[in-house]
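K.L.:
What follows is the residue order along each chain.
Number of protein chains: 2
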Amino acid sequence: MSTRKLKIGLLGCGTVGGGLVELVAKNSALIRERAGVELGITKILVRDPVKERPGVDRALLTTEPDKVLNNGCDLVVELVGGIEPARDFIQRSLFAGKHVVTANKALLALDGFTLLHAAEKQKRRLGFEASVCGAIPIIRSLRNGLVGNRIQSITGILNGTCNYILTRMTEDGIDVDTALADAQARGFAEADPSLDVDGHDAAQKLKILAELALSARLSVDAIEAEGIRDINADDIRTAKQLGYVIKHVATAEVKGDAVSLQVRPMLLPRDHQLAAVRDENNAVLVRGDAVGEMLFCGKGAGSLPSASAVLSDIVDIACHRGGFSAAPQQSLPVTSSDQQCKHYVRVPVADPSAIGVITSVLERSGIGVTRASAQWARKAAGVHQVQVFTTPASSQNVRRCMQDCADLSTGKPVILPAA
Amino acid sequence: MSTRKLKIGLLGCGTVGGGLVELVAKNSALIRERAGVELGITKILVRDPVKERPGVDRALLTTEPDKVLNNGCDLVVELVGGIEPARDFIQRSLFAGKHVVTANKALLALDGFTLLHAAEKQKRRLGFEASVCGAIPIIRSLRNGLVGNRIQSITGILNGTCNYILTRMTEDGIDVDTALADAQARGFAEADPSLDVDGHDAAQKLKILAELALSARLSVDAIEAEGIRDINADDIRTAKQLGYVIKHVATAEVKGDAVSLQVRPMLLPRDHQLAAVRDENNAVLVRGDAVGEMLFCGKGAGSLPSASAVLSDIVDIACHRGGFSAAPQQSLPVTSSDQQCKHYVRVPVADPSAIGVITSVLERSGIGVTRASAQWARKAAGVHQVQVFTTPASSQNVRRCMQDCADLSTGKPVILPAA
Numbered sequence: 003m004s005t006r007k008l009k010i011g012l013l014g015c016g017t018v019g020g021g022l023v024e025l026v027a028k029n030s031a032l033i034r035e036r037a038g039v040e041l042g043i044t045k046i047l048v049r050d051p052v053k054e055r056p057g058v059d060r061a062l063l064t065t066e067p068d069k070v071l072n073n074g075c076d077l078v079v080e081l082v083g084g085i086e087p088a089r090d091f092i093q094r095s096l097f098a099g100k101h102v103v104t105a106n107k108a109l110l111a112l113d114g115f116t117l118l119h120a121a122e123k124q125k126r127r128l129g130f131e132a133s134v135c136g137a138i139p140i141i142r143s144l145r146n147g148l149v150g151n152r153i154q155s156i157t158g159i160l161n162g163t164c165n166y167i168l169t170r171m172t173e174d175g176i177d178v179d180t181a182l183a184d185a186q187a188r189g190f191a192e193a194d195p196s197l198d199v200d201g202h203d204a205a206q207k208l209k210i211l212a213e214l215a216l217s218a219r220l221s222v223d224a225i226e227a228e229g230i231r232d233i234n235a236d237d238i239r240t241a242k243q244l245g246y247v248i249k250h251v252a253t254a255e256v257k258g259d260a261v262s263l264q265v266r267p268m269l270l271p272r273d274h275q276l277a278a279v280r281d282e283n284n285a286v287l288v289r290g291d292a293v294g295e296m297l298f299c300g301k302g303a304g305s306l307p308s309a310s311a312v313l314s315d316i317v318d319i320a321c322h323r324g325g326f327s328a329a330p331q332q333s334l335p336v337t338s339s340d341q342q343c344k345h346y347v348r349v350p351v352a353d354p355s356a357i358g359v360i361t362s363v364l365e366r367s368g369i370g371v372t373r374a375s376a377q378w379a380r381k382a383a384g385v386h387q388v389q390v391f392t393t394p395a396s397s398q399n400v401r402r403c404m405q406d407c408a409d410l411s412t413g414k415p416v417i418l419p420a421a
Numbered sequence: 003m004s005t006r007k008l009k010i011g012l013l014g015c016g017t018v019g020g021g022l023v024e025l026v027a028k029n030s031a032l033i034r035e036r037a038g039v040e041l042g043i044t045k046i047l048v049r050d051p052v053k054e055r056p057g058v059d060r061a062l063l064t065t066e067p068d069k070v071l072n073n074g075c076d077l078v079v080e081l082v083g084g085i086e087p088a089r090d091f092i093q094r095s096l097f098a099g100k101h102v103v104t105a106n107k108a109l110l111a112l113d114g115f116t117l118l119h120a121a122e123k124q125k126r127r128l129g130f131e132a133s134v135c136g137a138i139p140i141i142r143s144l145r146n147g148l149v150g151n152r153i154q155s156i157t158g159i160l161n162g163t164c165n166y167i168l169t170r171m172t173e174d175g176i177d178v179d180t181a182l183a184d185a186q187a188r189g190f191a192e193a194d195p196s197l198d199v200d201g202h203d204a205a206q207k208l209k210i211l212a213e214l215a216l217s218a219r220l221s222v223d224a225i226e227a228e229g230i231r232d233i234n235a236d237d238i239r240t241a242k243q244l245g246y247v248i249k250h251v252a253t254a255e256v257k258g259d260a261v262s263l264q265v266r267p268m269l270l271p272r273d274h275q276l277a278a279v280r281d282e283n284n285a286v287l288v289r290g291d292a293v294g295e296m297l298f299c300g301k302g303a304g305s306l307p308s309a310s311a312v313l314s315d316i317v318d319i320a321c322h323r324g325g326f327s328a329a330p331q332q333s334l335p336v337t338s339s340d341q342q343c344k345h346y347v348r349v350p351v352a353d354p355s356a357i358g359v360i361t362s363v364l365e366r367s368g369i370g371v372t373r374a375s376a377q378w379a380r381k382a383a384g385v386h387q388v389q390v391f392t393t394p395a396s397s398q399n400v401r402r403c404m405q406d407c408a409d410l411s412t413g414k415p416v417i418l419p420a421a
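Chains A and B supply the protein sequences, listed in that same order.
The numbering used here applies: residue 3 is where the first sequence begins, and numbers increase by one.
The numbering used here applies: residue 3 is where the second sequence begins, and numbers increase by one.
Incorrect hints may have been included.
The list cannot tell twin chains apart, which means a pair is met if one copy fits it or any two copies do.
What the hints assert, rightly or not - Straight-line alpha carbon distances no greater than 25 Å define the calculated PhoX-like cross-link-like pairs of lysine-lysine that follow: (1) Lys123 with Lys9; (2) Lys257 with Lys28; (3) Lys414 with Lys242; (4) Lys53 with Lys125; (5) Lys69 with Lys9; (6) Lys381 with Lys123; (7) Lys9 with Lys28; (8) Lys125 with Lys69; (9) Lys7 with Lys28; (10) Lys7 with Lys53.
Keep in mind that the hints were calculated from the coordinates and are not lab data.
Generate the whole structure from the sequences, applying the supplied hints.
P.N.:
As structure tokens, this is what we get:
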């Protein structure tokens, strides 16, 4: 096998960029042998050229994007993140005839199709394996491995921060704030964790996966997401008693000619395949008409796992392989999803005897109650609460009932569907 | 995107071949849209052209291989199985300038490199995603998705029949023969189940995966394998009491400049990622230096799942993508693996009081015993037995001890390592 050379221009040298430089240096001989490609990073855009970057050749650094784009590279790796100037960098690279690899999930969720169209028009390739679930080859599997399947649903644990926090709460019995502080201390959560714990990150990833799986643009700008901030130790404990685990789950499900999208914490039966996914791991459960259910599980973030995904795109492009960049023409409507399932409900109340009214309101709406308990706050500053577990009912119906009980509650009720 | 045509010659129309015909008919519009390829099956080799094949155009059938190979097709799908004439068909197809897709694991395990070399020489592609773990895109993931990783180990549940039998034994408390009969009744086991239950099928798959992951030919003709025929209900029950599940596990582990290969039933901790893999499912746990541990799980066999894998190779080839066919030059020695771990041992004995001698022999060899029990047969025809659970020790050492106790035992002892 002859060896080709591929010159890479790198935009951004943070966690993933640094990992890429490390991985290319470490495993370049292996890649040359496996794929017949000699990878070389020719220029690296950074904000601060003085910063210490072990293993990175200082001579490659520049603060001027044009020095990267016009340096005769074959492929540009965009790792600066955010919408602008990342979008501009990608478009200019494509117009200059360069292939592009990006990990930019926010940009792809917002405007991936425009970029895919631009790549198609320029007959260049746009790789984005690293944008969803880090090292897990889920983009490649949806594009290639499952190409002969009509995808029926995708169910995933797409945010490692949420999963780490819920795992700590479940296994160590700590509350959400303590678990979040722990996640931050270990580098699994940002200083501003809202993108993760409020569910927006998972929603962006779900949109990318669903559009790819369904080969259609989804007619929604942003998916509504529920996060995990309101989950408390009582929720975790009660779920456990009922035989469930609380997980932050993103779901895309084909329903006729539309797709239903959901991102929220929910109860999973203890023996559900996703219930065993612990700590900062990600997992995606895909259901296709030929393959049935298939599970992919692994590290969803981190320097080397994400760099591994970027590298797989680079090698695919270098070998002229690894998936078309064609952007589908069709568009699918997104339905307001109404699930028919059991629900766990916790209502903060001034008076725990409200349990009678709450269960009556549910029963009057045709929603059975299989378990209800009233809890008096153990501390003076604590919150009294009522917990209810229902028979299968529509989420809208359960929500409506809780609105009817609004004058009894002292805060937002937690309503979790159970799979 | 323009649409290309790809003419497919199909050799064999059994379970997988029939599934392929069905899938191409069902999802061809989807594939055209996603990949810009129009697939057409031009000729099908069958043994019996009169047999009823719903959905298969009788005009395409032939009993003459040459009519398939010389019919102007671009790609040949080999699904006749076995060594010959399958090998001859593949070689002739490659020499005739056709790409080849095969699901033939026996042939690939025996002589995959010769075929890969032939493909490389002819500048044609050889796809074999369907040869291991059916629908799970594990070949593609090892070749492409994890291309930047040095693979450290592969641990898998590679045989669906064994996993189905062990699952039934564990969940329903039935014995191995009843579970096997159940598997046969459901079509998860062949009339002659020896290839599956004696571990040879898993060993073939492990060889293919390990050679691919390590980019090296393994200097072993066949991997020694242990099957599951000797596992009984007591083993399952005792494992459960100890917090383990018995699974049939295939492992390839890099040890210095060699690789250790093992195929055998073993005890997995209940919370091990592979312990949750139930029924006829397959799973592969890959550890790479960049990605850490990654799990792939799904249907390892069956008409449509395997056909989905064949189809993914076909589309990759049609799109000029999906992995090099280069055959690595290097060869890796296979070590006789000696694990240092806890062991479960069951010895059939004439006199259960042999427990004293057996534990003494172990203790004298430096192997601690953390649990031992002697069981009197409940029925006259039954077998007395001694069960022992050890402290971490080498498998060779445990085996040697059991040989020293050979005169006490009335049959082959069961020795299972615990992960």
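K.L.:
Next, verify each hint and record whether it holds.
P.N.:
For each hint, the structure was consulted:
Taking CA atoms no more than 25 Å apart as the test, Lys123 paired with Lys9 passes inside one copy only; the shortest distance there is 22 Å, against 28 Å between copies. With identical chains, the CA atoms of Lys257 and Lys28 are at most 25 Å apart between copies only, with a shortest distance of 19 Å across copies and 46 Å within one. For the homomeric pair Lys414 and Lys242, the shortest alpha-carbon distance inside one copy (22 Å) is at most 25 Å, but the shortest distance between copies (43 Å) is not. Within a single copy, Lys53 and Lys125 get their C-alpha atoms no closer than 37 Å, and across copies no closer than 47 Å, so neither meets the 25 Å cut-off.
Within a single copy, Lys69 and Lys9 get their C-alpha atoms as close as 14 Å, which meets the 25 Å cut-off; across copies the closest is 47 Å, which misses it. Within a single copy, Lys381 and Lys123 get their C-alpha atoms no closer than 64 Å, and across copies no closer than 77 Å, so neither meets the 25 Å cut-off. Taking identical chains as interchangeable, the C-alpha atoms of Lys9 and Lys28 lie at most 25 Å apart only when both belong to the same chain, with a minimum of 17 Å there against 42 Å between chains. In the homo-oligomer, the alpha carbons of Lys125 and Lys69 lie at most 25 Å apart inside one protomer (23 Å), although the nearest pairing across protomers, at 38 Å, exceeds that limit.
In the homo-oligomer, the alpha carbons of Lys7 and Lys28 lie at most 25 Å apart inside one protomer (17 Å), although the nearest pairing across protomers, at 41 Å, exceeds that limit. For a Cα distance limit of 25 Å, the shortest separation of Lys7 from Lys53 qualifies neither inside one copy, at 29 Å, nor across copies, at 54 Å.
Figure legend: structure checked against the earlier numbered hints; hints not met, in rising order: 4, 6 and 10.
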